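Use the sequences and the hints to build the structure in full.
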Amino acid sequence: MPASDTPLDVNATDFDDIIQQASVPVLVDFWASWCGPCQAAAPEVAKLAKSNAGKALVLKVNTEQQQALAARYGVRSIPFFAVFKNGQIHWQQAGLMSAAQLNQALHS
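In this text, residue positions in the sequence shown follow our numbering: the first is 12, and each later residue adds one.
Hints are computed from structural coordinates only; laboratory data are not their basis. Some hints could be false.
Claimed, not checked - Pairs of lysine to aspartate or glutamate residues, derived as EDC-like cross-links and limited to a Cα-Cα distance of at most 20 Å, are as follows:
1. K96 x D20
2. K66 x D20
3. K71 x D20
4. K61 x E75
5. K71 x E55
Unchecked claim - Cβ-Cβ distance ranges computed for the label pairs, FRET-style:
6. W102 x S15: 29 to 37 Å
7. G85 x Q31: 27 to 35 Å
8. Q112 x R87: 30 to 38 Å
9. Q99 x Q50: 15 to 23 Å
10. D28 x H101: 27 to 35 Å
11. Q103 x E75: 31 to 39 Å
12. Q103 x Q50: 18 to 26 Å
13. S109 x T17: 15 to 23 Å
14. N97 x W45: 14 to 22 Å
Here the structure is a predicted model, which is why all the values come from computation and not from measurement. Built from N, CA and C at the ideal position, the CB exists for glycine as well.
Shown next as structure tokens:
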């Protein structure tokens, strides 16, 4: 899996492959284009991806396009963040968060 210093937009198939194969923690940002707080979170998510290049992956899931994937993880409000480690969900929380808060969740 290549390291990335930017968030990767993924569909359900890519999501499942990456989560299962990742050797580093994965932060997932569930978002939608109409969501103001999601737009406010985007620069923080990008900052997190850049500062964790090679140490973690950051994925973005558009809940408008990937409704089944969002439902699978019980996403009811966005932005919604989840951290996966070794293919398993490790942490999740809804609401606007800073890059520092997300980084702490990613590495806890």
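Each hint, compared with the structure:
| no. | hint | result |
| --- | --- | --- |
| 1 | K96 x D20 | 19 Å, holds |
| 2 | K66 x D20 | 18 Å, holds |
| 3 | K71 x D20 | 5 Å, holds |
| 4 | K61 x E75 | 25 Å, violated |
| 5 | K71 x E55 | 12 Å, holds |
| 6 | W102 x S15: 29 to 37 Å | 21 Å, violated |
| 7 | G85 x Q31: 27 to 35 Å | 20 Å, violated |
| 8 | Q112 x R87: 30 to 38 Å | 20 Å, violated |
| 9 | Q99 x Q50: 15 to 23 Å | 30 Å, violated |
| 10 | D28 x H101: 27 to 35 Å | 18 Å, violated |
| 11 | Q103 x E75: 31 to 39 Å | 20 Å, violated |
| 12 | Q103 x Q50: 18 to 26 Å | 21 Å, holds |
| 13 | S109 x T17: 15 to 23 Å | 18 Å, holds |
| 14 | N97 x W45: 14 to 22 Å | 34 Å, violated |
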